[in-house]
Amino acid sequence: MSSTEKSTLKASAKPLNPKTVELDFFGIPGATFISVTLPIFLNIFHFATKVDLTNSSNYVSSIAIAFQTAWPGWSGLLNLRSVYAYLLWFGALVVLDRVLPGKEVEGVELRDGKKLKYKMNGRLVMITMFVAIVSRWWITQGAMPEFVFIYDNMLELTNAASLFSFLIAVYVYLVSFLPQPKGQELILATGGNSGNIIFDWFIGRELNPRIGEFDIKVFCEMRPGLLLWVVINMAMAHHQYLAYGAVSYSMWLVLGFQVFYVIEGNWNEEGLLQMMDVTTDGFGFMLAIGDLSWVPFSYTLQARFLADKPVQLPTTGIMAILVINFVGYYIFRSANDQKSAFKRGDDSAKSLSFIQTPTGSKLITSGWWGRARHINYFGDWLMAWAWCLPTGFSNPFTYFYVVYFGILLVHRERRDEAKCADKYKETWTEYKKLVPSRIIPGLY
Numbered sequence: 039m040s041s042t043e044k045s046t047l048k049a050s051a052k053p054l055n056p057k058t059v060e061l062d063f064f065g066i067p068g069a070t071f072i073s074v075t076l077p078i079f080l081n082i083f084h085f086a087t088k089v090d091l092t093n094s095s096n097y098v099s100s101i102a103i104a105f106q107t108a109w110p111g112w113s114g115l116l117n118l119r120s121v122y123a124y125l126l127w128f129g130a131l132v133v134l135d136r137v138l139p140g141k142e143v144e145g146v147e148l149r150d151g152k153k154l155k156y157k158m159n160g161r162l163v164m165i166t167m168f169v170a171i172v173s174r175w176w177i178t179q180g181a182m183p184e185f186v187f188i189y190d191n192m193l194e195l196t197n198a199a200s201l202f203s204f205l206i207a208v209y210v211y212l213v214s215f216l217p218q219p220k221g222q223e224l225i226l227a228t229g230g231n232s233g234n235i236i237f238d239w240f241i242g243r244e245l246n247p248r249i250g251e252f253d254i255k256v257f258c259e260m261r262p263g264l265l266l267w268v269v270i271n272m273a274m275a276h277h278q279y280l281a282y283g284a285v286s287y288s289m290w291l292v293l294g295f296q297v298f299y300v301i302e303g304n305w306n307e308e309g310l311l312q313m314m315d316v317t318t319d320g321f322g323f324m325l326a327i328g329d330l331s332w333v334p335f336s337y338t339l340q341a342r343f344l345a346d347k348p349v350q351l352p353t354t355g356i357m358a359i360l361v362i363n364f365v366g367y368y369i370f371r372s373a374n375d376q377k378s379a380f381k382r383g384d385d386s387a388k389s390l391s392f393i394q395t396p397t398g399s400k401l402i403t404s405g406w407w408g409r410a411r412h413i414n415y416f417g418d419w420l421m422a423w424a425w426c427l428p429t430g431f432s433n434p435f436t437y438f439y440v441v442y443f444g445i446l447l448v449h450r451e452r453r454d455e456a457k458c459a460d461k462y463k464e465t466w467t468e469y470k471k472l473v474p475s476r477i478i479p480g481l482y
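Under my numbering, the sequence shown has 356 at position 318, and the numbering climbs by one with no breaks.
What the hints contain is simulated information worked out from the structure, not anything from laboratory work.
Derived CB-CB ranges, DEER-like:
#1 GLY111 to ILE177: 31 to 41 Å
#2 ARG136 to LYS463: 36 to 46 Å
#3 LEU138 to ARG174: 17 to 27 Å
Just so you know, even glycine gets a beta-carbon here, dropped at the ideal spot from N, CA and C.
Working from the sequences, and respecting the hints, build out all of it.
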């Protein structure tokens, strides 16, 4: 090959970090709007858990009164104790993540051909947390002052987490501009390299921000928010026990379903490395506040409502909710396991039919994945219903999660569809004819 041909080939090669042209989330206005409103919504959720419309004839008036009664004044939105508590929580998990041993696995191949290594020790971190909680229960004889603090400072902790999310997003954005060692180039997120400060800070400019071998994005995805979700739910059950002398079946359902979900996620945390959050999205304010604040302080709405207003469910209601959750989990887990088995080439998946794409990928057209292109989302959404139904029907805000999560899943599905259509071209069109349903077989 001549030098001219080499130069031509090099010039035609795609740049490692292409400029972002199409801005997701409605661009800069959307990024600004979401950044401002998400922390506000998290505060509204705190007051929303105080709403009870059981004997109300005027829903709007009852909601307004509940909000006014719970309003602590501007000075009550944040305190130093909550800031210190959140920093202690985050720092302790960082230490556990670094100190405890774990299996080393490789992530997906990056645009430069390299694969990052990750230490998977979620099981040990989670077990250590549960041991610490049980130990504190025994030492304090059930008093659990930490749980009492969480219940008494929910609003302040919410805002402490949001403030920390803002600061960590600023940190990773600024660090992404630091010069790299000679011959190395930082890999930026394809969706967060627009050149606009607000948008790139929101979406995340760097794909995999790290401090040494410590991956900030993967850590935030799996540790502080998810585990705090569990701790908050436990604190709400503890408050209900102290206030009413027992934990209601409705609380046990919410606690059991959601704690199991987090445990199961940490037990199979390697699957995270294949998800769009890790492979495609940068780490900015969107993921930071989502992981660190939105998950623990919006996904706990059901337990926070039940802490003060125990709902007594009939046996038939309990059984129906259990069935919905079981069916949802079965679809979610067996579909994901089937795809994993197919990728590994296991005997159990050899009977599955598929389409070979020009890029070498295979699109499954039978089994669970022949029913819908994102059948696992359907199972996930069914579980969301099981988490909300134990709260009864006296507070519409406890059903926020099932509505929000449905919208989130559709948005993810649409993003993935656009990505696959661009990547697989005509093959994707053929695939959609064979698997016409998007999420819910026969309906959507």
